[in-house]
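S.K.: Place chain C on chain G using the hints.
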Amino acid sequence: MTLTASPKLGAYSALGATGFLVALVCGYPEAAVLGLPFIVAVLAGLALVERPDLRASAEIDRDRLLEGDDVHLAVTVRSTTDVPWLQMAWPVSRSLAARGGGYVLGVRLQMETPAVVESVFATTRWGVVPLPNPIVRAHDGLGFFRFEGSIDLEHTLRVYPRPETLRRALSSAETQVFSGNELSRARGDGIEFADVRPYAAGDRPRRVNWRLSTRTGQLHVNEMHPERNTDVVIFLDLFSDVRSGGQGTLDHAVRAAAALAEHYLARRDRVGVIGFGGALRWLQPDMGSTQIYRIVDTLIDSEVVLTYVWRGIEFVPPRTLPPKSLVIALTPLIDGRTVDALLDLRGRGFDLAVVEVMPEPFAVPRPSDAARLAHRIWQLERAATRLRYRRLGVPIVQWRPGEPLAGPIAEQRESRRRNRWLHV
Amino acid sequence: MAPRLITAALALLGAAAFGAVSTAAATDATSVAAAAGPSGWMIPGLMSLTALACLTLALRLPNPRPIVLSIALLGAAWLVGIPASGGWRSLTALAGGSLLGVAELAYWSLDFRVAGTNQRTVYIRRAATVAALVGASVALALVPELDLSQIPVSGVELTVAGLLAAAALVAVAATLAWRLRPERDASESAARARPE
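Note that the protein sequences, when read in sequence, are chains G and C. Numbered according to our numbering, the first sequence spans residues 8 to 431. Numbered according to our numbering, the second sequence spans residues 4 to 199.
Okay, chain G solo, but in the shape it has when bound (with noise of 0.2 Å):
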């Protein structure tokens, strides 16, 4: 640990030589009577210092939870020596917050006597966080030393999006073979009628329009649409993340994709992530209740990486995007290697919805005429992306981060009915 000497240290020493140089140079020895404490205060000091011999061990009640979820850290330390007087204080983490503020806490520790220093943190963003290392500071017991250092925890935290409820979401163009929930446009068995044929053989009695057969003379079937999953690939921007005030677009992005994945796998579909940026990540479409938590393991470790490397969307495993499948991307709509990737995936026939994540709350332009100039160019070169989207049939919305996600999602959809004429 590192020594380091108080402010009272040198204040001491200064009064206490002070008064002896006074008594010397004005021959007044009331001075050094003076000073004569305070030089027995940094002997006696410098006698009874010693350096502490600390180790700490840490425990933590859970590591894997909620955002907002509390965690409660037990710090045990213990030390050769009597320290007096220990304090402990939190580095300031992006994600935890220390509950009461408790940042700092004091402590006596006792030669051999393990003290244990609880505190509580408050999760406020997803991610893997590491638990941070506190700094001790053992101050000796006249206060003159300081003995510094740092705990290695050496714990992780795994701490998840809090998922919003969809009660919908959007539709699939096109189903999958396996049953599911979505009413498919094919033909076949299931529960929602589709329409009626004349009789064909093999045909199951059961299917009969008795009614329809009566009245026109001739046998005739009815037809249905048969319920069937679909393969979704939530496609995350990991290009870009406006931040502002300790939150950002990507934050608000990966709750609005686990959210989706959750309400995708409770209907039975297949979902997949992809993760385009500049490290790739993806997970291919599954079905399961496994399949929510890899989706949440894969997006917590979700980080921007800055790179000026061209992707496009031929870097993406053809495995994780099957035919058929949707695609809902959420974006910012910043980097144009995003648009540009997006734009492709609809030249290639995928059913690709947008959900922008709105960056205006976190780009507060300056008080200067300049400022509020770019700002509004910036504002007029994204609405022109958006016009891009919209024609060639894309239908894009934007969601404004911190208000529901269904209002967005339910403005979606009727875009999507809309738009169902010119889809490829």
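By construction, these hints were calculated from the structure, which means they are not laboratory data. What you are looking at is a predicted structure, and each value in this text was computed from that prediction instead of being measured. Yeah, the Cβ is synthetic: ideal placement off N, Cα and C, and Gly gets one too. Treat the hints with caution; some may be incorrect.
Unchecked claim - According to the in silico footprint, chain C covers these stretches of chain G (three or more CB under 8 Å from chain C):
(1) 24 to 35
(2) 39 to 48
(3) 51 to 57
(4) 323 to 337
Stated by the list, open to error - Here are some chain C residues pointing at chain G (derived, C-beta under 8 Å):
(5) Ser42
(6) Gly43
(7) Ala98
(8) Gly99
(9) Leu102
(10) Arg128
(11) Ala139
M.R.: Showing chain C alone in chain G's frame:
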């Protein structure tokens, strides 16, 4: 009332009492301040008021730097205020202890501005340490005071003795500080507390 506020209030009260005593003592015609004229008693008074202001500033900011100035001013007020005759000079040892007490209370108030567990034990231990320190200092300061009151206060012998004493003090302090030197193989990892 928070303990740090109590210690701050005690430090301020102690400083105010010390200044009042110095100012009252300066009304004696044999004091150094009296040489400045009939209003000479105001010199330690003004010094004490400035010291009080410095102490208040240090505790309010909080910043330990003005404390040393405050204590120095109080000490100077005492030196210019005490009469040359009477029993005042023998009280200087007590004054030194009081100054140490005021300084300790002020630093204590600044040190304990953080939350903590087991604070009662910490406070009791610190109070006992401060009391022991002040007591020991006063007892030690009384010895030279008694001696110095009996001997001439100037002369080459006394100056030499003082210089030797100062050199001895520095040597003792250096010896004590030597054992706090960092280990030779200290590295970055050594600055970290070891996990169990």
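S.K.: Checking each numbered hint in turn, tell me which of them this model violates, lowest number first.
M.R.: Failing hints, ascending: 4, 5 and 6.
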